[in-house]
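Protein chains in written order, with our numbering: chain A, 1 to 139; chain B, 1 to 139; chain C, 1 to 139.
None of these hints come from the bench; they were simulated from the model.
Don't take each hint at face value.
Same chains, same names: a pair is fine if it fits in one copy or spans any two.
[Unchecked claim] Computed cross-link-like contacts, DSS-like style, restricted to lysine-lysine with a CA-CA straight-line distance of at most 30 Å:
no. : residue 1 : residue 2
1   : 127       : 106
2   : 79        : 11
3   : 109       : 127
4   : 79        : 13
5   : 76        : 109
6   : 106       : 85
7   : 127       : 79
8   : 79        : 69
9   : 127       : 9
10  : 106       : 69
11  : 85        : 9
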Amino acid sequence: MEQIFHEIKIKTKGQGFYDFTDQTVKWVNDQKINNGILNINILHTSASLIIQENADPDVLYDLKNFFDKLVPMDNKLYKHTTEGKDDMPAHIKSALTNNQITLSIKDNKLMLGTWQGLYLFEHRLEKHTRILSHHLIGN
Amino acid sequence: MEQIFHEIKIKTKGQGFYDFTDQTVKWVNDQKINNGILNINILHTSASLIIQENADPDVLYDLKNFFDKLVPMDNKLYKHTTEGKDDMPAHIKSALTNNQITLSIKDNKLMLGTWQGLYLFEHRLEKHTRILSHHLIGN
Amino acid sequence: MEQIFHEIKIKTKGQGFYDFTDQTVKWVNDQKINNGILNINILHTSASLIIQENADPDVLYDLKNFFDKLVPMDNKLYKHTTEGKDDMPAHIKSALTNNQITLSIKDNKLMLGTWQGLYLFEHRLEKHTRILSHHLIGN
Numbered sequence: 001m002e003q004i005f006h007e008i009k010i011k012t013k014g015q016g017f018y019d020f021t022d023q024t025v026k027w028v029n030d031q032k033i034n035n036g037i038l039n040i041n042i043l044h045t046s047a048s049l050i051i052q053e054n055a056d057p058d059v060l061y062d063l064k065n066f067f068d069k070l071v072p073m074d075n076k077l078y079k080h081t082t083e084g085k086d087d088m089p090a091h092i093k094s095a096l097t098n099n100q101i102t103l104s105i106k107d108n109k110l111m112l113g114t115w116q117g118l119y120l121f122e123h124r125l126e127k128h129t130r131i132l133s134h135h136l137i138g139n
Numbered sequence: 001m002e003q004i005f006h007e008i009k010i011k012t013k014g015q016g017f018y019d020f021t022d023q024t025v026k027w028v029n030d031q032k033i034n035n036g037i038l039n040i041n042i043l044h045t046s047a048s049l050i051i052q053e054n055a056d057p058d059v060l061y062d063l064k065n066f067f068d069k070l071v072p073m074d075n076k077l078y079k080h081t082t083e084g085k086d087d088m089p090a091h092i093k094s095a096l097t098n099n100q101i102t103l104s105i106k107d108n109k110l111m112l113g114t115w116q117g118l119y120l121f122e123h124r125l126e127k128h129t130r131i132l133s134h135h136l137i138g139n
Numbered sequence: 001m002e003q004i005f006h007e008i009k010i011k012t013k014g015q016g017f018y019d020f021t022d023q024t025v026k027w028v029n030d031q032k033i034n035n036g037i038l039n040i041n042i043l044h045t046s047a048s049l050i051i052q053e054n055a056d057p058d059v060l061y062d063l064k065n066f067f068d069k070l071v072p073m074d075n076k077l078y079k080h081t082t083e084g085k086d087d088m089p090a091h092i093k094s095a096l097t098n099n100q101i102t103l104s105i106k107d108n109k110l111m112l113g114t115w116q117g118l119y120l121f122e123h124r125l126e127k128h129t130r131i132l133s134h135h136l137i138g139n
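Full structure from sequences and hints, please.
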């Protein structure tokens, strides 16, 4: 049983979804691990991870819109406002989605459904560099 | 350390919760793995996974009702409407719950709390066959 | 590859966040596992797990407030009311957050971001003893 660590860095330019499926798939394919578990963690609390449909871009548009309405950027709603009107909503949206995703590798292939893509869900307005820790354990 | 892959297929007949605890427990018990990790992934983005109370059926009724109110089936709210009024709400409900669950096995027993059951949470109105990937790693 | 099981018990005194980061970090450091995966499961369905910002306590205040407004303690909204006005909201809040978290260990160190803390999110009003199953697999 081997273990390999890797980081994917994503430079975000404001709120939205950043597809990192291809980067993760390519990295997994480059490793000499046939079967194993891939644990992906985002080391931040104002951006999150999500598995979503990769076919119609309107799905991501509607998804973002839903979260924006559910968790408005309105300083009157929050005590924590010193880091900007987008920071507290970012923490809440992170709590409602995922900090980490655990996936399976079979025959050196990341097991995802046909329509599943891996997305970083950025909740902050400004530019950020987000670190996605990848940890593969298998043989 | 061994690895075993398995699929549980669930034929859904519309929205609601489908308990697959017994199927997963039985499969785990049939494997020669005493201790390990079980990674369960649903390979779809319009149905999801959830661990919930298995005692009072009213809990599941209220849970479904909460999500239906929070994410209404109303085409006026969404751009992505071509796959039916239930499709975009299905993606949102999936984002709010889980695509995957990682559980521990100890002494060949799936570690769940007394009142915890494993459920497929189907968000679509029509019949679907849902694939739950099971991946056990342990010894 | 070794496997070690452990339980952290947290005595809660009503709703709110209980930071268990230090307990988990200390336990990991005491094990002779350099690299591995830590699977943490809460064996209950009316309290949950969350990774959140550990810097400004207002973040946790706002987070609790958000969930309390989204999922009101109002018996008229639910069928499942026999266990108290806080029980059904507790199940819903658990469904919206996490029953389990999978983390990576690298060089005997739990991989968390600088501002990430591990919290038990208690949703019940009364005192409870909550069991957090810890399962470490690595070498």
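Structure-based check of all given hints:
1. 127 / 106: The answer is between: 28 Å across copies meets 30 Å, while 36 Å in one copy does not.
2. 79 / 11: Intra 29 Å, inter 28 Å, cutoff 30 Å: intra and inter.
3. 109 / 127: between (32 Å within a copy, 29 Å between copies)
4. 79 / 13: Intra 26 Å, inter 24 Å, cutoff 30 Å: intra and inter.
5. 76 / 109: Answer is neither: 48 Å inside a copy and 39 Å across each miss the 30 Å cutoff.
6. 106 / 85: Cα proximity of residue 106 and residue 85: none, with 43 Å in one copy and 35 Å across.
7. 127 / 79: both (24 Å within a copy, 27 Å between copies)
8. 79 / 69: The answer is both: 19 Å in one copy and 15 Å across copies each meet 30 Å.
9. 127 / 9: within (13 Å within a copy, 40 Å between copies)
10. 106 / 69: neither (39 Å within a copy, 39 Å between copies)
11. 85 / 9: within (25 Å within a copy, 37 Å between copies)
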